[in-house]
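**Q** Here is how the chains run, residue by residue.
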Amino acid sequence: MAVSEYNQEMEFFVDMQRCIGCHACEMACAECETNGQESMIHVHYIDRAVSVQTTVQVCMHCDEPACATVCPADAITKDNFGVVHSANTSRCIGCSNCVLACPFGVPIKFEESELMMKCNMCYDRTSAGKKPMCATVCPSQALYYGTREEIRKRRPESVPVNTFKFGELEVKTKVKIMMPKGATKIIVD
Amino acid sequence: MYRLVKTLNRQALVNATVSIFVVIAIVIAGSRNLQNFDAALVAYLFGTVFAVFGIAYRYSVWLQRPPTRLYWYRSWQFLFSKNFIPYALRSLKLFLRNILLQRFIYPRGKLRWFGHLMLAVGCVLAFAITIPLTFGWIHFTLDPNSISTYNAHFFGFVVTSFELGTPIAVITFHALVWCSVIVTIGAVIMLRRRLTDGGLIATQTFEGDWLPLFLLIAISVTGIGITYDYTFLQGRTHQFMSVTHAITVILFLIWLPFGKFFHIFQRLAQLGANIYKVEGMKRGMAVCPHTKEEFASITHIEDLKNVSKKLGFDFSLKNGGSHLDLSPEGKRSALAKAHYKARKESGKFFG
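Respectively, the protein sequence lines represent chains G and W.
Quick note: the first sequence uses the working numbering, first residue 1028, plus one each step.
Quick note: the second sequence uses the working numbering, first residue -8, plus one each step.
Misleading hints may appear alongside valid ones.
[To be verified] Covered by chain W, according to a simulated footprint, are these stretches of chain G (three or more residues, beta-carbon under 8 Å):
1. 1069 to 1079
2. 1124 to 1135
3. 1158 to 1166
[Unchecked claim] Quick list of the computed label-pair ranges, beta carbon to beta carbon:
4. W:124 / G:1163: 13 to 21 Å
5. W:179 / G:1064: 21 to 29 Å
6. G:1157 / W:219: 24 to 32 Å
7. W:124 / G:1032: 47 to 55 Å
8. G:1034 / W:119: 48 to 56 Å
9. W:255 / G:1197: 32 to 40 Å
10. W:339 / G:1050: 21 to 29 Å
11. W:91 / G:1197: 19 to 27 Å
12. G:1064 / W:87: 48 to 56 Å
13. G:1035 / W:339: 25 to 33 Å
14. W:226 / G:1035: 38 to 46 Å
If you're looking for bench data, these hints aren't it; they were derived computationally from the structure.
We put the CB at the ideal spot given by N, CA and C, even for glycine.
Could you build all of it, start to finish, from the sequences and the hints given here?
**A** This is the structure:
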């Protein structure tokens, strides 16, 4: 219905190592109109017993989203820009398959309303050519939204990587993680 | 044509064909060999038969998807177990609460819940009236011994009688008018949301979100038009009113299996998902190796491992475990640890 002004040159870059756990992104995320004042971002300690390091997680918008594939209600869709949208409210049956199948632990199930919600990269903003809320407020640029050229200048020692290995499974995503130069994938096992 | 038929799903085609034969059979039986069938409603009957075919076809295709099939199978398995009575009662309670009263929408917004309830109540009541009328199950006759008593027949048997001009006659003969008013109120509330909610404006589509509301309003307005015509216009515009109403209703019936309205039939799966969750909790909970906390049922995790593997997502790890054994928080931490490890090995955490 709305004419999209989605700028495909703009990309989302995440660097969890830069997260300082300030929760500013959480507050900003709740301002996104597609979420109904709920924050869809995850900020928490990685392992509080041994470190004060925090991590931040947005939806990685997989090329082949596991959440959509295991959804029994066909409620999750990916659009032409590669954005994996939050569950269609009329279809979602609140089964939590997506919550448990997402390899990045992103979707959230709201028990009372029997509904899954997730980050859709602030579609109300990005489809109008603006930046996602979280990336506009992140003080340490753990979350960064810009062009490939901009990130190359800012992080000359890092490269954006969008290939993840979970055991034998390889997952490719729209959102990139900043890795040391030379890295081509991130191995989670 | 043959090539088109070949692309169809065979099982779904069989189910859909059987469904329309069942509909035709219950029309013949319920209308007493068509003697009570109202020929003026034949176009509505064809529309309904098409809708039944489409819904049965799509539902059958939908059930063939591995995750849907699993929930379908598990729901019946758990319902018809030794816990049949508690699960049946629970399902009944949830049916009243979530399907009829739609309480699960209430936390999403009070006005939104009210608007959707109006849509649902109006549509369900209208279906409950029009389908038996179209199938010839219900018809009205003037009592042979009176000029003001109407008899209501159901399956050919007189079930009730009432005097013309009485409140019950007004309510009965205008039942669809009340439905139209209720549906229109609901549709206007939902239209207002779609015009003012920034999130909806960004994500909505014409065919997915606006067309269903336009169709419901068109059906309601043209339906009220028929009553308006015979009440105030002495029936002068009857043909126009009845034809436009028939067109909108038939368009609705044709659109029913394809568009947003299909969620009416999908929604019942929510009851199955609830039983699945409760039974899973009884069977034992999975504990996340990272957070050391319970996060889902073991049944759910094991089922999901099998289903995701079937769908090409094998989360098995080298150590024999599975990435799915981790809770969502555990998965996020595992990714952060992998990121930290890679950074540490490179000797540079930033830059």
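**Q** Hint by hint, note whether the structure agrees.
**A** Hint-by-hint comparison with the structure:
Coverage of the segment 1069 to 1079 of chain G by chain W holds [criterion: at least 3 residues with CB-CB distance below 8 Å; count 4]. Given as covered by chain W, the segment 1124 to 1135 of chain G passes the check, having 10 residues with a CB less than 8 Å from a CB of that chain where 3 are the minimum. Judged by the Cβ-Cβ criterion of 8 Å, the segment 1158 to 1166 of chain G is not covered by chain W as claimed, because only 0 of its residues qualify and three are needed. The hinted range of 13 to 21 Å is not satisfied by residue 124 of chain W and residue 1163 of chain G, whose Cβ atoms lie roughly 58 Å apart.
Between residue 179 of chain W and residue 1064 of chain G the beta carbon distance is about 24 Å. The supplied range of 21 to 29 Å therefore holds. Range check, residue 1157 of chain G to residue 219 of chain W: Cβ separation about 48 Å, and the 24 to 32 Å hint is violated. Taken as a hint, the range 47 to 55 Å holds for the pair residue 124 of chain W and residue 1032 of chain G, whose Cβ atoms sit roughly 50 Å apart. At roughly 50 Å, the beta-carbon separation of residue 1034 of chain G and residue 119 of chain W lies within the given 48 to 56 Å, and the hint holds.
Taken as a hint, the range 32 to 40 Å holds for the pair residue 255 of chain W and residue 1197 of chain G, whose Cβ atoms sit roughly 39 Å apart. Separated by about 27 Å at the C-beta atoms, residue 339 of chain W and residue 1050 of chain G satisfy the suggested range of 21 to 29 Å. Range check, residue 91 of chain W to residue 1197 of chain G: about 46 Å between beta-carbon atoms, so the 19 to 27 Å window is missed. Taking the beta carbon of each, residue 1064 of chain G and residue 87 of chain W are about 29 Å apart, not inside 48 to 56 Å as hinted.
Remark: the range hint 25 to 33 Å for residue 1035 of chain G to residue 339 of chain W is upheld by a beta-carbon distance near 30 Å. The hinted range of 38 to 46 Å is not satisfied by residue 226 of chain W and residue 1035 of chain G, whose Cβ atoms lie roughly 59 Å apart.
Hint check: violations occur at hints 3, 4, 6, 11, 12 and 14; the rest are consistent with the structure.
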